[in-house]
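Knowing the structure of chain A, use the given hints to seat chain B with the ligands on it.
Read top to bottom, the protein sequences are chains A and B. Residue numbers are given in full-length UniProt numbering: position 131 of the first sequence equals residue 131, and the series is strictly consecutive. Residue numbers are given in full-length UniProt numbering: position 18 of the second sequence equals residue 18, and the series is strictly consecutive.
Just so you know, the hints here were simulated from the structure itself, not pulled from any lab data. Cβ atoms here follow ideal geometry from the backbone N, Cα and C, with glycine treated the same way. Hints are supplied without guarantee of correctness; some may be wrong.
What the hints assert, rightly or not - Part of the chain B face toward chain A, derived, beta carbon under 10 Å: (1) V16; (2) V25; (3) L39; (4) E62.
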Amino acid sequence: MGKIIVMTSGKGGVGKTTSSAAFATGLALRGFKTVVIDFDVGLRNLDLVMGCERRVVFDFINVINGEAKLNQALIKDKRIDNLYILPTSQTRDKDALTKEGVEKVLNELSKEFDYILCDSPAGIERGALMSLYFADHAIIVTNPEVSSVRDSDRILGVLNSKSRRAERGEEPVTQQLLLTRYDPERVERGEMLKVDDVLEILAIPLLGVIPESQAVLRASNVGMPVILDEHSNAGQAYIDAVGRFLGEDLEHRFVSVPKKGLFSRLLRRTA
Amino acid sequence: MSIFSFFRSAPRPSAVQAKERLQIVMAHERAGRSGPDYLPMLQQELLAVIAKYIDIDQNKVEVKLDRGGDCSTLELNIELPAREAAKALKEAAKAAVGKANGGAAADDDESSDSVKMAAGGALTNGGIKKRR
Ligand SMILES: Nc1ncnc2c1ncn2[C@@H]1O[C@H](COP(=O)(O)OP(=O)(O)OP(=O)(O)O)[C@@H](O)[C@H]1O
Ligand SMILES: [Mg+2]
Numbered sequence: 001m002g003k004i005i006v007m008t009s010g011k012g013g014v015g016k017t018t019s020s021a022a023f024a025t026g027l028a029l030r031g032f033k034t035v036v037i038d039f040d041v042g043l044r045n046l047d048l049v050m051g052c053e054r055r056v057v058f059d060f061i062n063v064i065n066g067e068a069k070l071n072q073a074l075i076k077d078k079r080i081d082n083l084y085i086l087p088t089s090q091t092r093d094k095d096a097l098t099k100e101g102v103e104k105v106l107n108e109l110s111k112e113f114d115y116i117l118c119d120s121p122a123g124i125e126r127g128a129l130m131s132l133y134f135a136d137h138a139i140i141v142t143n144p145e146v147s148s149v150r151d152s153d154r155i156l157g158v159l160n161s162k163s164r165r166a167e168r169g170e171e172p173v174t175q176q177l178l179l180t181r182y183d184p185e186r187v188e189r190g191e192m193l194k195v196d197d198v199l200e201i202l203a204i205p206l207l208g209v210i211p212e213s214q215a216v217l218r219a220s221n222v223g224m225p226v227i228l229d230e231h232s233n234a235g236q237a238y239i240d241a242v243g244r245f246l247g248e249d250l251e252h253r254f255v256s257v258p259k260k261g262l263f264s265r266l267l268r269r270t271a
Numbered sequence: 001m002s003i004f005s006f007f008r009s010a011p012r013p014s015a016v017q018a019k020e021r022l023q024i025v026m027a028h029e030r031a032g033r034s035g036p037d038y039l040p041m042l043q044q045e046l047l048a049v050i051a052k053y054i055d056i057d058q059n060k061v062e063v064k065l066d067r068g069g070d071c072s073t074l075e076l077n078i079e080l081p082a083r084e085a086a087k088a089l090k091e092a093a094k095a096a097v098g099k100a101n102g103g104a105a106a107d108d109d110e111s112s113d114s115v116k117m118a119a120g121g122a123l124t125n126g127g128i129k130k131r132r
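Okay, chain A solo, but in the shape it has when bound (with noise of 0.2 Å):
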């Protein structure tokens, strides 16, 4: 059986999708079978930050309506053996994301895969509480940025009351914080919030720190996941997040001001 995570945040643009496709790519290269949902109906994206947006020809609401098989509707990956795809469509509502419908399409994955990931759209409505309602585990993904860290808490009490497992009241969804776009110069001058001061508020387990970085900029252009970008520091956060998910121990990197001589510092400003 599957198991199924979700990448959610509440709030819009914080890295959900960028975090998806690596995640997703980062479990697949770990040798897990894996797909990555997105459940964005109508604003149709993980598609195109996976590169594989020119060979969408059915969708996740074409499975669920019955118009074509599973099968046809997934993507396999040509760069990395055992990841799948499933693109959301273009031109319908988060309406045609039905419960029964969703489930039916989880089900018959969790017999194939590994790894289930569902990319959440922003917000609280339809597409939002699909995407988290069959999760077995959250991936809370959140900035240094006080409405951010407000959204994710409010996200947290709909994981404890309305997803499938908290409604059946069995074990409930595990939750950890994947903190995005953090820039440890800005922390050291006071201007973002630290790490510590989003655990303390949103008192969840730290999945990982990913640094504010230009690599994700120029991954997406390519169509290519960042944790690809195995040189860059946001590419190698998410291969040590994808680690930890997997149980490992590792020190939490690129969350200081690498301490460095006078010299190097400016010269870094120029580069």
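Same frame as chain A, but now just chain B with the ligands:
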């Protein structure tokens, strides 16, 4: 810009790739926005025709699409139950080529017989430049 950069064969900047990818995918999306989503229907009708001749497993039908700037290809891959059936379909495909303006090609592989039908350029053409 330094004069030396002329001699370095720099890789295409990622922003250029971003723009090209967007132009292709959005030209297709804008073109399809007005009409109905024809792919599911197209598939059902094609399968219905094939099913008239051969008993096919709906789960063994693979539909692949590659959207390009000037031309897109739709590839329908159907795994057939038996070698005889493949022959029957080849006949049907040949007959179809005579009438239609598309292209049909059949090929065998060792484990199973599969028939590919490719319609190049027929589905869509024109990049974003052709739009007003
Ligand atoms: N670590 C990072 N460093 C720099 N930019 C980032 C980082 N993570 C994400 N971004 C940028 O933030 C923007 C939003 O990212 P993304 O689309 O992944 O967010 P999202 O949460 O999925 O958004 P939505 O709520 O609209 O679905 C993108 O432009 C992306 O390139
Ligand atoms: Mg998104």
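Results of checking the hints against the structure:
1. V16: Where the cut-off is 10 Å and the nearest Cβ of chain A is about 8 Å from V16/B, the hint holds.
2. V25: holds (5 Å)
3. L39: holds (6 Å)
4. E62: Hint holds; E62/B Cβ to chain A Cβ min 7 Å, cut 10 Å.
When held up to the earlier numbered hints, the structure conflicts with none and fits them all.
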